[in-house]
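Protein sequence lines correspond, in order, to chains A and B. If you number the first sequence the way the numbering used here does, the last residue is 114 and the count never jumps. If you number the second sequence the way the numbering used here does, the last residue is 116 and the count never jumps.
Keep in mind the hints are simulated off the structure, nothing from the lab. Note that this is a predicted model, so its numbers are computed, not measured. Among the hints, erroneous ones may be present.
Straight-line distance between alpha carbons at most 30 Å, and here's what the computed DSBU-like set of lysine-lysine pairs gives [to be verified]:
{"#": "1", "chain 1": "B", "residue 1": "K103", "chain 2": "A", "residue 2": "K17"}
{"#": "2", "chain 1": "A", "residue 1": "K17", "chain 2": "B", "residue 2": "K69"}
{"#": "3", "chain 1": "A", "residue 1": "K11", "chain 2": "B", "residue 2": "K103"}
{"#": "4", "chain 1": "B", "residue 1": "K58", "chain 2": "A", "residue 2": "K57"}
{"#": "5", "chain 1": "B", "residue 1": "K49", "chain 2": "B", "residue 2": "K69"}
Simulated coverage check for chain B against chain A, where a stretch passes if three residues somewhere in it have a Cβ under 8 Å from a Cβ of chain A [to be verified]:
{"#": "6", "segment": "39-53"}
{"#": "7", "segment": "104-115"}
Ideal placement from N, C-alpha and C gives every residue a C-beta, glycine not left out.
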Amino acid sequence: GAGVSQSPSNKVTEKGKDVELRCDPISGHTALYWYRQSLGQGLEFLIYFQGNSAPDKSGLPSDRFSAERTGGSVSTLTIQRTQQEDSAVYLCASSPPRYQETQYFGPGTRLLVL
Amino acid sequence: AQSVTQLDSQVPVFEEAPVELRCNYSSSVSVYLFWYVQYPNQGLQLLLKYLSGSTLVKGINGFEAEFNKSQTSFHLRKPSVHISDTAEYFCAVRVINAGNNRKLIWGLGTSLAVNP
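Using the sequences and the hints given, assemble the complete structure.
Set out below in structure tokens:
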């Protein structure tokens, strides 16, 4: 079946602009995660959605970052007033309701802020 | 707080040689343990996981890992590597019974380069 998809695959933007990154999880997966992968810094947890529960936003680095998940499916990560240090690969993952310990990752969105 | 340390940032090895990628974690509570692999220009893929039971876990592509609770380690091994195993390998942990918190804590990754 279809895996986790993310769009766009690459995004180049100018400092100060807003960007939106999209994630389509695997159908039926109730949990959705956003991570950031920076060069030499590994993966950094950003935010976690689980069904109708309040999201765990503890990893968002600043109030310029926000995310929403509509209808328990598609999620959008928004970065306002982008900075050069926001340049990274943004990864989305989802988990099924029964085996939530396993996360399935999308290919990522590579963001470059000039 | 939990943390994951991958002791080698880069591991060069010749084809058909054995390899071990080391991972240590720190946690005062029980954890689940994972190894993910990221092939060049591809997304992260689950290699294997330890949840409970036998401490020796077998994964895809001939990899295995052993959970050692006393040493808080989860080293990844393969007896004979192939060129196609060249990739970035990530160790991750998740705290058990953390309520709604299911986030993974990641190591910085180990770059495995298999040479002919």
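Outcome of the hint check:
1. B:K103 to A:K17: holds (29 Å)
2. A:K17 to B:K69: Roughly 47 Å between the alpha carbons, so the hint for A:K17 and B:K69 is violated.
3. A:K11 to B:K103: holds (26 Å)
4. B:K58 to A:K57: Roughly 34 Å between the alpha carbons, so the hint for B:K58 and A:K57 is violated.
5. B:K49 to B:K69: holds (15 Å)
6. 39-53: Result for this restraint: holds, n = 7.
7. 104-115: It holds, with 6 qualifying residues against the three required.
Hint compliance for this structure: hints 2 and 4 are broken, all remaining hints hold.
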